[in-house]
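Position chain B against the provided structure of chain A, taking the given hints into account.
Okay, here's what each chain looks like letter by letter:
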Amino acid sequence: MAYFLQQLINGLSLGAIFGLIAIGYTMVYGIIGMINFAHGDIFMVGGFIAIIAFMVLGLLGITWVPLALLVMLAVAVAFTALYGWALERVAYRPLRNSGRLAPLISAIGMSIFLQNYVQLLQGARNKALGTPPISGGITLMDSAGFSVQLSYMQIIIIVSTVLLMAGFTYLINTTTLGRNQRACEQDMRMARLLGVDVDRTIALTFVMGASLAAVAGMVWLLYYGIIDFYVGFLAGIKAFTAAVLGGIGSLPGAMLGGLLIGLIEVFWSAYFSAEYKDVAAFGILVLVLVFRPTGLLGKPEVEKV
Amino acid sequence: MQKAVAAEAGARLEGGWAEMLRDAASVAAVSIALAIPLVGFHLIDHLSTTQVEFRFGQLFYAVAVIFLGRLGLLLIGAGWARPIASFTSALSLAWLVNSAASAVPVAYPALGWFTFLLAATLAVRGWHTFYRDTAGAAAKARQAGLGAMVSRAAVHLTPFLVLVAVSVPFYAVMADDKRAVDLGILIFTYIMLGWGLNVVVGLAGLLDLGYVAFYAVGAYCYAIVSIELGLSFWESLPLAGALAATFGVLLGFPVLRLRGDYLAIVTLGFGEIIRIILLNWNELSNGPKGIGNIPRPGFFGIAFTASPPEGSIAFHEYFGLDYSPMHRQIFLYYIILVLAMVTNWFTLRIRKLPIGRAWEALREDETACRALGINPTNTKLTAFAIGAMFGGFAGAFFATRQGFISPESFNFLESAIILAIVVLGGMGSQIGVVIAAIVLIGGPEWFRDLELYRMLAFGALMVAIMIWRPQGLLAHRDPTIRLGVAGRGGTP
Chain A
7 MAYFLQQLIN GLSLGAIFGL IAIGYTMVYG IIGMINFAHG DIFMVGGFIA
57 IIAFMVLGLL GITWVPLALL VMLAVAVAFT ALYGWALERV AYRPLRNSGR
107 LAPLISAIGM SIFLQNYVQL LQGARNKALG TPPISGGITL MDSAGFSVQL
157 SYMQIIIIVS TVLLMAGFTY LINTTTLGRN QRACEQDMRM ARLLGVDVDR
207 TIALTFVMGA SLAAVAGMVW LLYYGIIDFY VGFLAGIKAF TAAVLGGIGS
257 LPGAMLGGLL IGLIEVFWSA YFSAEYKDVA AFGILVLVLV FRPTGLLGKP
307 EVEKV
Chain B
236 MQKAVAAEAG ARLEGGWAEM LRDAASVAAV SIALAIPLVG FHLIDHLSTT
286 QVEFRFGQLF YAVAVIFLGR LGLLLIGAGW ARPIASFTSA LSLAWLVNSA
336 ASAVPVAYPA LGWFTFLLAA TLAVRGWHTF YRDTAGAAAK ARQAGLGAMV
386 SRAAVHLTPF LVLVAVSVPF YAVMADDKRA VDLGILIFTY IMLGWGLNVV
436 VGLAGLLDLG YVAFYAVGAY CYAIVSIELG LSFWESLPLA GALAATFGVL
486 LGFPVLRLRG DYLAIVTLGF GEIIRIILLN WNELSNGPKG IGNIPRPGFF
536 GIAFTASPPE GSIAFHEYFG LDYSPMHRQI FLYYIILVLA MVTNWFTLRI
586 RKLPIGRAWE ALREDETACR ALGINPTNTK LTAFAIGAMF GGFAGAFFAT
636 RQGFISPESF NFLESAIILA IVVLGGMGSQ IGVVIAAIVL IGGPEWFRDL
686 ELYRMLAFGA LMVAIMIWRP QGLLAHRDPT IRLGVAGRGG TP
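Chains as they are written, first to last, in my numbering: chain A, 7 to 311; chain B, 236 to 727.
Just chain A, with the same shape it has in the complex:
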């Protein structure tokens, strides 16, 4: 029981991170119907910017943890959002009207580019944070020599994810920007006719997705204390799986899918085999796409001729 509870906590924390990344996939897919293959790498860039900000703060002598974390967050979100914006501007906007495969290939190219860009600039080896700024936790339960730990980091992950989700739901449902986004999602041409600045709305969607990915990247860095240039590939695929599982295009679906993928991965490693945990994620992706392409909360897509 204690072991199960511990895995549940670990799975939820991991799943929350996947959910944050998955929102970026799902929002972009919802609005322009393309898989932003480079989103996982945007997440990785966010993590790298966070660790660089952390190191520079250390050099400047800012060591008070809450301030350092806030500055780190602001820097990571701002610069990663800019990366998201530039990504859309350079690689996707020129291809908006040209079928399905061209933007996907462009996105794959961008993903390869970003990975190698970071690898060349920062080196291929793992970058470690050193002493973690947030450590310790609460012991929830102690039974038969196995204590269930809920670390402060896990609390931060879950609380910040809940806050971000609440904020984004508010943003999408009530603000003008959110309304524009939903309008573009339904009918881009009609939205344009009614005076919605479509280009700006799409660009802002990328910026929002990238900001969440930056938060996820920073949280990932603080949680594992380590990051490398390749981390975005697997995390991106898993988050995409989460978005598909939850129903691509649906915001709560992305979160739900993220939590499920996190739980499945953690429980699979805990009870079956850690070596095949990635197979579990890929297997779920295949199964969902084959048997229920609309996901758990998605709307069925009508094919128009």
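Hints listed in this document are in silico derivations from the structure and should not be mistaken for laboratory results.
What you are looking at is a predicted structure, and each value in this text was computed from that prediction instead of being measured.
Please note: incorrect hints may appear among the correct ones.
Below 20 Å or equal to it, Euclidean Cα-Cα: the simulated SDA-like pairs (lysine to any residue) are [said to hold, decoys possible]: (1) A:K283 x B:W516; (2) A:K305 x B:W516; (3) A:K283 x B:E643; (4) A:K283 x B:P523; (5) A:K305 x B:G495.
The following block gives chain B in isolation, referenced to the frame of chain A:
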């Protein structure tokens, strides 16, 4: 004509300077902001702690180059195509000569290549604009069909190219250049993989991101069959192809009814699943350690060894030559040449059969095909299986050439390289694949320090090609009639 162009350009320049400078400055500002965190700071791991160092000099150099590049691009648009193009051509040529001859040492080759790339892009763009503005309508029409032109030329060039390919080993023997044969084998392996994937991506329009899985299946099949059962290369080759094709059908059957982009992600997933299984199933694949001592092919039963086992005779003894490890390399070179040629011939023939026509029709419009009674799943499945079969052949060849295989040779990056070859060459264009493979695989071998930036350039090129010529550099399959508004990316 010239005069009119110049006058028009002058008019466009009037008062345009401030605007152009502002545009270039804003591009530079964005690139500064993008570059500050990742270019300006460098994380170095020093005795298990991470430290940070500054690189602002390089950052500002890069941004200055971007500023000038953007300005140059705007000037080309404003009618200064010729001077800008001449200058950038000279600049990029100088850099190429310098780095090929290593005449002047460069402190930061990365920045050098970066400058070169921008200059070369500007040069191409500049000359293109210059000729477009000055040439007549007939020339314009000719220019539009670069892909068609290359394909027409390819018909006459093919015998010549084949002759060159056949004679590489003769050159290698005469010049005693072992590298030429090795490089030839490498390039032809990728050409074959490219042609195989071209069936799936180029003809049938199915984006397969896990092609390397079939390559792996072929390689492992050959390794296991030849070691455990003692079959020769030629006996195992059909087995490897058949097994890979079977995998193609098995994997393809459930997923081929998915839409294009979902299919791509699922094939990526399959590719990774196969790699992870090979990595962990120790009894079958020997795990991450890989399989070594894979039998090398013999010349119709005659081994290529310096000291043949008792009672048999080696290749050099049989033909009365001195022993040279190059014999085997040359033999391998001809094997892959033949395999690649068979792939090419097969593809060219099947394109003319109903099934090949159906692939291309399906690529263009699946709904229409379904309405015309083509079974999309079966048609796609054949394309998938045939592509997989060629991947399996190439894999078996890879295993016998290396003598050692491990799962690490079959990661996503390899799939991406093969895809890049197909995409850049022009999806569906056979000669395009050859050119792309020579440039993308041979280029980094030639300029050694390019090896580092190879994948970076692949990524950037994939994006650039999709934006400028979404059909690929040399493809020419523009539909005769286009319905609706063609997007910006749709017109070459």
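Going through the hints against the structure:
Our distance criterion of 20 Å between C-alpha atoms is met by A:K283 and B:W516, whose separation comes to about 14 Å. With a CA separation close to 39 Å, the supplied pair A:K305 and B:W516 exceeds the 20 Å bound. As the CA atoms of A:K283 and B:E643 are separated by approximately 18 Å, the hinted pair is consistent with the 20 Å bound. The hinted pair formed by A:K283 and B:P523 meets the criterion: a straight-line CA distance of about 17 Å does not exceed 20 Å.
With a C-alpha separation of about 19 Å, the suggested pair A:K305 and B:G495 falls inside the 20 Å cut-off, and the hint holds.
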